[in-house]
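Required output: the full structure, derived from the provided sequences and hints.
The lines below spell out each chain.
Protein chains: 2
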Amino acid sequence: MIKKDILLSPGPTQVPEEVLLEASRPLIHHRTPEFSNIFMDTIDGLKYVFQTGEDVYLLASSGTGAMEAAVVNLLCPGDRVLTINGGKFGARWAKICRAYGVEAQEIEVPWGDVYPKEELEQELKGNPDLKAVFSTLCETATGAVFDIQGYGEVVCRTGAVLVVDGISGIGATACPMDDWNVDVLISGSQKSFMTPPGLAYIAFSSRAQEWIERSTLPRFYFDVRAARKALDSRTSPWTPAISLIRQQKKALDRIRDFTLGRLIEHHRILGEATRAGIRALGLELLAKHPGNILTAVVFPEGIDGFAFIRAMQDKYRAYIAGSQEPYKGRFFRIAHLGYMSGYDILTALSAVEMALSDFGFENPSGKAVAAAEIILKEHWK
Amino acid sequence: MIKKDILLSPGPTQVPEEVLLEASRPLIHHRTPEFSNIFMDTIDGLKYVFQTGEDVYLLASSGTGAMEAAVVNLLCPGDRVLTINGGKFGARWAKICRAYGVEAQEIEVPWGDVYPKEELEQELKGNPDLKAVFSTLCETATGAVFDIQGYGEVVCRTGAVLVVDGISGIGATACPMDDWNVDVLISGSQKSFMTPPGLAYIAFSSRAQEWIERSTLPRFYFDVRAARKALDSRTSPWTPAISLIRQQKKALDRIRDFTLGRLIEHHRILGEATRAGIRALGLELLAKHPGNILTAVVFPEGIDGFAFIRAMQDKYRAYIAGSQEPYKGRFFRIAHLGYMSGYDILTALSAVEMALSDFGFENPSGKAVAAAEIILKEHWK
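Going down the list, the protein sequences come from chains B and P. Counted from 1, the first sequence has number 174 at position 174 by the numbering used here; the numbering is strictly sequential. Heads up, the numbering used here is the position in the second sequence plus 381, with the first residue counted as 1.
Bear in mind the hints are in silico, worked out from the structure with no lab data behind them. Incorrect hints may have been included.
[As the list claims (entries may be wrong)] What follows is a list of derived Cβ distance ranges for each label pair:
hint : chain 1 : residue 1 : chain 2 : residue 2 : range
1    : P       : 408       : B       : 363       : 53 to 59 Å
2    : B       : 304       : P       : 489       : 27 to 33 Å
3    : B       : 330       : P       : 643       : 35 to 41 Å
[Claimed, not checked] Straight-line alpha carbon distances no greater than 30 Å define the calculated BS3-like cross-link-like pairs of lysine-lysine that follow:
hint : chain 1 : residue 1 : chain 2 : residue 2
4    : B       : 4         : P       : 506
5    : P       : 696       : B       : 3
6    : B       : 88        : B       : 47
7    : P       : 476       : P       : 506
8    : P       : 428       : P       : 469
9    : P       : 476       : P       : 669
10   : B       : 47        : P       : 385
11   : P       : 696       : B       : 4
12   : P       : 385       : B       : 3
13   : P       : 476       : P       : 428
14   : P       : 709       : B       : 381
15   : P       : 384       : B       : 47
16   : P       : 428       : P       : 610
17   : B       : 381       : P       : 385
Glycine is no exception: its CB is placed at the ideal position from the N, C-alpha and C atoms.
The structure is reproduced here in structure tokens:
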């Protein structure tokens with residue numbers, strides 16, 4: 001049989017053809033009015049998705065680069081901060097802070113759980129010297145969505161700033177930066193932004209902007225002062241990733257036409273259908289507060305997780321994600337993120353059913369698909 | 382929700398990305414050694430799929446152009462021929478013949494049925510002046526596959542030639558031209574050849590080649606003598622459709638790597654899975670001898686066929702085909718033709734299930750998908 005690949009990972013995600021084709025256009029120079037228009041339009045589009053009146057800076061980097069940019073532009077050596085770690089990506093905050101001599105007090109949240117704002121409030125009361133709270137909108141390792149709105153309420157009443165990794169979450173789940181008092185918000189091109197990886201985005205609240213001048217951590221490439229200055233000339237300080245920015249502009253045009261509200265609703269429907277399918281198979285969801293970015297599914301007893309993911313990827317060419325250290329082989333993740341349609345969800349669930357059947361799971365065929373179809377068809381308009 | 386289109390029609394069919402991208406390469410001139418190499422490689426690939434030692438001519442036309450080329454290159458005004466009409470495309474043979482003053486005796490076969498070789502044998506015995514038999518490998522209007530092997534056995538013992546429209550069938554179902562004594566075989570780029578429409582193919586047996594000189598029907602663009610002569614210079618007589626030929630070469634490279642045997646088996650599996658899905662819903666197949674090109678499904682009582690196809694195309698963006706005059710609104714057709722994978726079949730069946738549910742059909746969700754999954758997963762390797 002001819003086989004086709006299907007990309008179901010939470011980054012990179014699928015990219016619309018018109019966005020892919022944009023990369024095949026001849027390069028233009030970046031110090032031209034033509035590129036400046038594209039660049040500024042892209043920033044406008046990012047501000048729309050971030051729901052902020054502040055500027056959004058574009059970095060030619062992965063999302064991790066923007067995380068580092070947040071740390072080095074805000075803090076000073078020896079500063080104490082709180083980092084909330086509910087998975088592999090939440091854990092990264094403390095690692096970056098410590099690499100720069102920032103003292104990170106890490107809250108370890110069991111994978112799949114979230115951290116209540118009440119506990120954060122207590123923690124901040126007991127530690128008035130904390131300079132910043134680093135959190136994650138959607139923990140990509142588990143699919144759990146954190147209460148950023150609640151954190152914003154709590155943190156804005158203190159002297160600390162709230163920094164949020166919205167890499168996989170922004171665009172897929174609500175997080176209006178200005179309304180929710182988020183001081184630094186980060187994202188990347190390869191999730192709901194429907195663009196290949198290579199660009200990261202970061203915006204600072206007016207309060208956080210004051211911190212940029214006071215920060216004494218060493219920085220050059222990620223120095224936001226350079227980006228801010230270049231923006232006065234409608235450009236970037238270093239050579240921008242021209243073709244990726246063009247692609248991101250194209251995708252943002254599409255997102256603006258579709259509207260952010262519908263994009264979030266789109267993710268809600270796909271998430272609901274996926275969870276309904278998984279539950280119809282009697283499988284367990286990992287996240288206690290599963291979000292609409294991805295669904296993490298605990299392997300049932302008796303199924304070798306490594307072999308299952310290998311079968312999904314090699315035999316069925318369905319690129320679901322496995323779980324990461326220290327939970328490798330314990331669960332798998334299906335993304336419903338960005339440019340996917342109901343058919344991608346149905347296909348993903350069919351692949352899961354076929355693989356489960358191969359692994360001796362009793363009579364899975366059609367069950368997840370049926371449950372998902374019933375939800376999807378109501379919204380297929 | 383974001384929606385994605387899915388093309389499930391029996392022409393045009395889906396085209397692999399690498400073949401699509403081939404069309405975006407800069408044009409080269411057609412009177413160059415570079416293009417001649419591409420042109421001759423394409424002919425080699427076509428000979429492989431036609432399973433013939435004879436040359437295959439490329440026409441810049443739809444498949445109908447090659448059908449006309451068969452008629453005008455073989456016959457003389459007033460010739461009597463037999464045409465086998467089991468659907469809209471079988472009916473076209475008599476129309477073309479009559480447009481040129483050829484007397485067509487038409488065998489009308491009920492849609493979905495085929496015509497037994499024994500009856501053809503009787504017909505030829507009773508009409509020894511018949512010059513040609515025009516038939517169809519797969520009738521695209523119904524999905525029925527005709528007994529070309531049997532017709533070849535019967536016709537080769539007479540003075541007539543056997544002309545076969547293999548437009549939707551070649552590559553998807555066996556029809557080795559030389560082994561089965563097919564005198565003229567026709568196909569087109571947009572079916573199992575995995576290329577956009579615009580090219581048609583025609584080959585003549587050595588016996589049929591003698592007829593080309595004797596034919597007195599008027600012809601110019603479709604005059605195969607011009608194509609044959611140009612081939613001595615490794616070119617075509619008129620400007621070839623350069624980009625389409627390049628795409629067809631790319632697709633043929635892929636088909637040769639995959640092998641014709643596996644390509645036919647691929648279609649067999651997809652056909653079997655589709656029929657199993659449809660039967661699991663309790664729906665009726667139109668064709669008594671359903672082939673592996675497409676599946677025609679009779680609408681169940683109480684479902685408005687026009688509205689159903691509109692819902693499939695507009696709401697679910699699943700481009701199945703309807704039925705044609707005089708049976709419009711009576712059945713629908715799902716192709717399993719060319720560059721499709723098991724996921725396309727599962728998606729098609731999901732879309733049918735969701736649409737049936739919208740139309741009040743009781744509890745279809747998951748049934749067809751389950752039956753198809755069970756077949757597909759055994760062959761997903």
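Verification of the supplied hints:
no., hint, in the structure
1, P:408 x B:363: 53 to 59 Å, "holds, 55 Å"
2, B:304 x P:489: 27 to 33 Å, "violated, 60 Å"
3, B:330 x P:643: 35 to 41 Å, "holds, 38 Å"
4, B:4 x P:506, "violated, 50 Å"
5, P:696 x B:3, "holds, 27 Å"
6, B:88 x B:47, "holds, 27 Å"
7, P:476 x P:506, "holds, 24 Å"
8, P:428 x P:469, "holds, 27 Å"
9, P:476 x P:669, "holds, 26 Å"
10, B:47 x P:385, "holds, 27 Å"
11, P:696 x B:4, "holds, 24 Å"
12, P:385 x B:3, "holds, 19 Å"
13, P:476 x P:428, "holds, 29 Å"
14, P:709 x B:381, "holds, 26 Å"
15, P:384 x B:47, "holds, 25 Å"
16, P:428 x P:610, "holds, 18 Å"
17, B:381 x P:385, "holds, 12 Å"
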